[in-house]
Every structure is written in C-alpha cells, then in structure tokens.
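Asker: Protein chains in written order, with this note's numbering: chain A, 1 to 555; chain B, 556 to 1110.
Calculated from the structure, these hints are not laboratory results.
Wrong hints could be hidden among the right ones.
From the structure, some residues in chain A lie toward chain B, with a derived Cβ separation under 10 Å [said to hold, decoys possible]:
1. L13
2. D28
3. L97
4. A240
5. N542
Backbone N, C-alpha and C fix where the C-beta goes; we use that ideal spot for every residue, glycine too.
Protein chains: 2
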Amino acid sequence: MKTDIAIARSIELDKITNIAAQIGITDDHIHNYGKFMAKVPYSLIDEQKVAQSNLILVTAITPTKAGIGKTTVSIGLTLGLNKIGKKAVVALREPSLGPCFGMKGGAAGGGYAQVLPMEDINLHFTGDFHAITSAHNMISALLDNYLYQNRSEGKGLKEILWKRVLDINDRSLRYIVSGLRGNANGIPTETGFDITPASEIMAILCLSKNIEDLRRRIEKIILGYTYENEPFTVKDLGIAGSIVVLLKDAINPNLVQTTEHNPAIVHGGPFANIAHGCNSIIATKLAMSHADYVVTEAGFGADLGAEKFFNIKCRKSGLAPKLTIIVASAQGLKMHGGVAQEDIKKENLEGLKNGLANLDKHILNMQSFGQTVIVAFNKYGTDTPSETDFVINHCKSQGIGIAVNKAYSDGGEGAVELANLVVDTIEARPSDELSFTYNNTDSIETKVEKVAKRIYGAASVEYSATARKMLKLIEGTEIEHYPICIAKTQYSFSDDPKAYGVAKDFSLTVNDIVINNGAEFVVIVAGPIMRMPGLPKVPQANHIDLADGLIEGLS
Amino acid sequence: MKTDIAIARSIELDKITNIAAQIGITDDHIHNYGKFMAKVPYSLIDEQKVAQSNLILVTAITPTKAGIGKTTVSIGLTLGLNKIGKKAVVALREPSLGPCFGMKGGAAGGGYAQVLPMEDINLHFTGDFHAITSAHNMISALLDNYLYQNRSEGKGLKEILWKRVLDINDRSLRYIVSGLRGNANGIPTETGFDITPASEIMAILCLSKNIEDLRRRIEKIILGYTYENEPFTVKDLGIAGSIVVLLKDAINPNLVQTTEHNPAIVHGGPFANIAHGCNSIIATKLAMSHADYVVTEAGFGADLGAEKFFNIKCRKSGLAPKLTIIVASAQGLKMHGGVAQEDIKKENLEGLKNGLANLDKHILNMQSFGQTVIVAFNKYGTDTPSETDFVINHCKSQGIGIAVNKAYSDGGEGAVELANLVVDTIEARPSDELSFTYNNTDSIETKVEKVAKRIYGAASVEYSATARKMLKLIEGTEIEHYPICIAKTQYSFSDDPKAYGVAKDFSLTVNDIVINNGAEFVVIVAGPIMRMPGLPKVPQANHIDLADGLIEGLS
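Sequences are here, hints too, so could you generate the full structure?
Answerer: Following this line, the structure appears as structure tokens:
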C-alpha cells in the first residue's frame, strides 16, 4: 500500500469554500488559509443545534508500540457515516511539531482515512500552536521583566510557578537556570520549558466558551505566590489584554477536509498523557452546530483521554456523547497479552485472549460514566481470520457491539459496517446521563483516589513532599473544587510505562501538582512522566525532506 | 489626528486578489491568508523585469528617541509615486513581536502612510517568524539530542556555537544553563536565546535565491567545532531536509496593501542593529518584477541598515538602487545637535544647525557607495517654517535634492513633491555603479577597519580575547572571504549609544564574532549591544487590548 503522504498527494482536494458550503457555511464567514484550509468563527455555534446533534467519542485500549489507529477510526467512521447518507463531521485535535519530528509522527489519520492537506496540518497549519507558544512565553517575559524592574522595591515573588513552552521535543530545556551573567541580564531563576500541548494557555483555549471567557481565564492564571502567600496572577501583571490579542485568531476552529471531501474540524491539541487530551469545546460545538453526527476523539487510552474527556471537558461544557467507541487492534491486544514485539505479526490466540483483559477493563471504565460502549476492531493486513473472529466473539458474548474497521485500506467503504452499528446503537440504546468519577466538592486527594482506584485499578496513592506542599497550598481555596487532570504514562493503567495488560495492586505515586487556575483544573503529575518529551536516537526529522517540491517522511 | 490603528481601521480594504491583479498576478498564483493578505510564490520573479525596474533605497539619519519615520516615508513615497501615475510597489520588512509588545511598537508605517491590515502584520502575520523560530529551535533540539544520544561514543563537540531564539524581548533568556537535573534531562550546557530577527535562519531566508539555495545554506550552518577543530554542520546532523520543510511557505513573500490600496510586499525581518537589516532578496526581486519603481528600506540609520544593504544584500544579489533617500526630521536633527528631549518641540535653529553634521556624514557615506542621494524631510506638526527652510537651504546649498514629506498627515498627496523629485533625479542622474566599502578578499580585520573608519568615523578598532579567538578560528578558511555584518547600537556612529551627532576619534570595540556560515557573513558584535533585547519598565504589552472586538494599543 502507498504511504500516507503518497495517498494524501494522490487526492485532488476540493476548495475549502465548497467544503464549507456542504455544511451551510458561506464564503464571507470563513477566513481562508490558502485554498484548502480556513478558520470558521465560533460565532457560528448554535446551541439549539448542538443539543440535537449526536456526539460520538472515539477512544482506545492502552496504546502500545504496535499502534492502534484511533484517529484513523475516527476519520474512517466519519467517511462511513457520510457513505450511508448521514451528515457527519469529525472534530479532531491539531498535531504538535514535537512528535511529528520526533518519534510518533503526525496526527492526521492514515491510509485512506486522513484529514487533508496533511502536510500543512502536520506542520504550521493555521498557526494556532505558534500563537499559544507566543502568548505563553510573552507572559513569561513580562513576568520576569516585572520582577526585574521592581527588584529593589520589594515586589518579588516567594515562588514562581510559571515556566515557558516550545512546540518541540527538547529534553535539554526541561530544567534550566535563566537570568545568568549579572545584573543586566535578569534575575537567576530555576525554571524550564514544557511542550506547547501542555501549556495552560492550550488548556484554556480548549475549554473557553468565547473570547470573554478566554480573557477571564487568562486573567486568573496563577504565576506564583507573593511573600504574603497571595497568588500573583496575569491580571496582577496587567497584561491580559495583550495575551488575548495574541490569541484572537487561534480561538477560532479550523476547517479542512477528509480523504473523501467531508468537512473536518481540527482545533486545539493538548496531549492526553501530560494534559487533558481533547480538542476544543468550541470546535466540538461548532461541528455539532453543522452536523447530525459528530465524531470526536480523546487522546491515548481510555484511562487518559476519555477519563478527562468526561470528567473535565463534558463536566465543563455540558456535552455528553450518545456513544463511546473503543478502538482495539489485534497487534495491540497481543502486546498486552505478553507477546513480544518481534512476534506481534504472527497469529497468537493465547496472547490475544490474555490481552483482551485490557479491553475489558476499558469497557467497564467507559460504562462507569453511563456510556453505551461498542468496539471498533481496527483491521491490519497481518491479522488472521481466527484472530478477528476471536475478538468479535469475545465482545458479542458480553453483549458489546463490535464492527471491523477497514477504512485505512478501503476508505469510507471500509467503515460502512461500523457506521451502521453506530447509527443503530445510538437509535436503540443511547448512553445514559453522564455520571462522573468524582464530585467537584471532593477534595483533591479524594478525586485522585477515585480516579486511581476506579479507573486505573490502583490499590493506593502516594504523594511526594513537593506534591504534599502543593496540596497544602490548595487546601481551603476554590482550586480544591476544580477537576483533576492526571499526567501519567500512556502505556499502562499504572504510572509504570512497562506494566502492560491490566496492572494490579499498584500504588500510584504523585510526584508533583501544578495549579492551572485559568484552565480551572489541577494537574496531578503521576510517576516519571515528563511534560517536555525528548527525542529518540534517530528522530523522524532525519527522514523528513523536500524533494522536487514534494514533502517526504511525514505520516 | 487619529491614532495609527484608528486610521487603519477607518480604511475599507480592497480584496487581496484585486491588489494582486493590479500588478498582473492572478488568483490561482496566490495563497490567501484571509481576504487581505496573501503569499506570492517567488517563482513569479522575472529577472529581465528586475533589470529594468528602478530600485530606491530609503535610509535615515541616526535614529533618536524623537523618531524619524523611515517606514512612513517609504510607504508615503510609494503612495506619491502612484499618485503621479507611476507603477510603484513598496518592499518592506516584517515586524517582530518583540518590539511590538516592548518599547518601539509595530513597524507598519504610521498615520495615512501605512501597510494594512496593520494589526495582522504586527501580530502573527502569515507565520514567517514563527516558522523561523521553529526551524531554529528544531536544529537546537536535534543537535542537543545528537550530543546526548552519542555522549558515550566520543561524538561530542569541543565548542557549541548554536543557540536558540524566541520572537520576544526577554533578557532573562540571554544567558542560561540548560540540561540540568541529571542524566535523563540532557547535558548541562551554557547557552542562551537571541531574538528571532537575529537568527541565522532569518538571514538565510532573506539572502536565499530559491529553495535550493535555502537548502544549501542551511546545510552549511556551523553548529560547533569537533575536538579535531572541524566544523560540525547541519548537514553533518542529517536534518537539513526537515528544516527546509519547516520553511517551505516562509520563503514566499507576503502581499498586502497600503492605505491607498497599492500593492506592498512585506517579507523577512532581520533587525539592522543586531542583524543585516534588510527585507528578503526574493521579495525585492518579486516587487521589481511587477513594478517600475520599487521603494525598499534598510533599518535604523544609514551607518547600519544601508551599509549592510550595500555591502551584503546588493553584493550578494547584484541589486543596485538608482537612488538613495536619507530621511531626516527636525526633531531628530535637533537631538543630534545637543537639544534636550524635553525641548525638542521648540524652535531651535542653533541646535538644528549642529545636528545637520549627522545628516552630512550619512550623505557622504551613501555617496561613497556611488549613490545619488536626496533627502526626505519628514515634516512633523511642531516644525516651524524657519526650521524647515533651514534644512532645505542647507541641502540645496550642497547640491543635494530635498523634498518635504507630509504623507503621515496627508497620504499620497503629501508625498507628490518627493515622488516628483525621485522620478526627476533618477531620470537626470541615477546612481553610479556600486562601489563597496571593502573587498571580499580583505581579511575580516581589514573589513571591520574599513567600515569602522570609512563609515563610522572610528580612529581604531580593538578586539576582545573572545573575538580574537574567533578571528583565529576563521583565519585561512573560506569564511574569511564573507562580508561582515556589524552588530552595533543604532543610536550612534560609534558603539556608545550616548554619543549623538557625529562621534569622533573613538575606538570601536569588537566583543564577539559569530560565524553565520549559512548566511555567508560574519557577525561582528561591537560594544555592549545585546542580540536579545529586554523590556522597559512599562512595556507596550500593558497598553495592548481587545475591546469590543477591536485591538487597541498597536502602532
């Protein structure tokens, strides 16, 4: 089969004005970026239509190095729904340059189930990540300047919590000391960089209702604490307006198209391991305002992206999926069942059977939110009929709907079975009202304990001294009533990236706690997860090239 | 008079497709960014037309805190030329977010002589600076990763020359130590950030002929030196292709419009104090391919921008202006004549007379390149008739053409006198063939000495130990034959920002030398200039805001 980029290149794109017209958006409402991308103003959200639209969440089993294909299924299902005559739009996150040039590659789907133009989407796109990076670092520079200019006037901070961000995998920037070489060059400070998808500005953008709400949240960002233990915010710095100005375009969702010329909304891109992992509320609502079925995705496994989708995004927005789809692949299941990576393409029913425990745990978890759950079995070329049947029978025996997805190789035609199952299931037994894992009024520790035990299957939770200090700081403030956003490895239910399958009887270790007062959640850093990734020995950047005007090496 | 942004907002913009059509560029050639901005592919450069077009350089006396208005004159002249029936296009640099949110404000002209939409041009524009920032820092991350991954295999570097960049004024990032907190987080390294306009990638983008030339130059970038004293380049790192991919759109010039709907090309933005200070060669040539008169600008005073325009940009591109215009204002001249800033708006003919020495030195300097020189007297509301007459008579008595520019208050109508003088002067006595200040074959020290003595008026040049070490490293290599790019304060002919007027008998101190092997020039850092600016006590960011959907505080 052709590479993703070769397939992308072989498809003649429809003008974005025509794509917009498909969902009733006229030329004068959109802001073009070339002929095939546009921004659509969030003012086109229609809450009445949002209430009538069917939202579908796509999530997955715990990811492995063997790949699952969640984005491919999300796009494929959208192709399939359109194929059977439904008006469906996919609402996805934007890719980050970090993984794109690092290990993971891009995030625009694969095969014949992609969003296009994939090169632009995977590169600078419409500049949203750059705007977020600028806004974040502008705050950093203005904060440091404030402290520097007022250093002799007793206006310092006891503790600075705000760091910087870059949309690059750069381990060297995790921990730095800035402001070196004397008085003219700032105040020496221990600080560091996170990757842009972990920026609080990214979270704020994705959770804001509108530009006024964005401003309100930016003003609330806590940059540090004064010597009187008072929070020092962006509002105190007096620069919220200039940060809003930097984000005035980024707040509007981006419109592109699928490989079969269906509208696709791609907006916001927090990672699901180190951040809340969902596209923007604005984008989901904009899609729902213009389609009967909206397929959206939450990052990594259902323990990460889906848990935060429900407990953070749905809680804050009132959105509720009619259905949750868990994507599973034979290869992924076999890895969870203890099969070594080099043997992953060989039939192994025993391994597959063992691995299904991972799927089953995710199904139970999703049902705990009141969701109707079905499984999309993402078919790879190496899967044997016995393996496919084994997974199908396993699900059916439990009363869980399952369909095979072949959109990667066959486009929308390969997802008709899945699309029909989705429509029928939503018709016959849509999800119950949402039931969250914890209450707003629970303490932070109770919230962590509930997610750790109920979703991850942990036996207990431990806190580092740093984390305990932060708990103390939060105690008794409004921050205590925010949802939590757990940063944890994507490779396991536990905080140990090597514990495949279903980890049991483990203790979750909270190493750090980060207050995101503007995003209105509390980041719980569990285990050795880094909010700034590193690069592998041979990064993808070594394979990306421009030859005869065509880009190679993006996927 | 209204503020710049109020004027900008009061003008109904013409669609960018109509602007493009004015110069014969059709819809299918351009890449829209909204309705009023577009990228134009550099493939539309026509060298035959470039050879026939009249290039006009706009430069200025030494800038002061009182302002000169060089960009306003460049745009105003273009308005005036169009007003008298000439086909004229202005080719400018893109503004940086650093000064825009810091002290200087934006860089899109002023009053009724602006390029529009000024808000977007002054903010993220079409993302060129962000692409450059990403490309630069991607190299940094890939270099650090290479050193980290191979740390036990003896592939280290004795010296790392490559730093990072951000398009923000942030003094705290000038000197940092990265890679702290143990083995998992990189190798501890003394490094720092420059501002994006000082990035070698910015210089490369502005000096490249095409994408192949861009690639050749990126491969040549020297990142450091091995223990065998061999240069270690981007090519050695094997990632040039991925960096070219990040710059594939940024290499194409941006098309916008003036306040009177004339086409304007805005592309590239190196500062003239800490970098080479000119817009891109590609943009200038694209403008010349589509207009009989092209007005371009070099940053800050003629000792900085214009010197580099001739000795670097013209030398490398073969471009040669028919005319050089030096912009002067009564307020600026009075400051050079010793008048205190608080008295600058009062008539003071004695101060004005003393200040004219600064103008005269710049005129002589520009003539040393073989240029025909005229003066644009940029009229401010507070100038008295006696002051204006004094400057006019001074120039005329020396045979230097001079015209008063009132484009700031009157638009193109206010620049008709200047436009007529420009056309007549180019007709009657265009510039001679270019004569450079130094030869390629001169040593670096000779080049520095020639610029310092002939252009700045220095008596001697001194080198720090660091600079001497770099001279030694360069000696005998091809690098010795590159032009030099002197980084120096914009406020004086000398390296002392307080020495107004015409500094004399001073010694220029070279503190550092930076090899830009990809840009093919050598940066000479003279005096206490910083390649990463700081912010003032109350930055412009404190005044920028979004109110009722309208931006305030940009100028």
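Asker: Enumerate the violated hints, using their earlier numbering and listing them in ascending order.
Answerer: Of the numbered hints given earlier, the structure breaks just one, which is hint 1.
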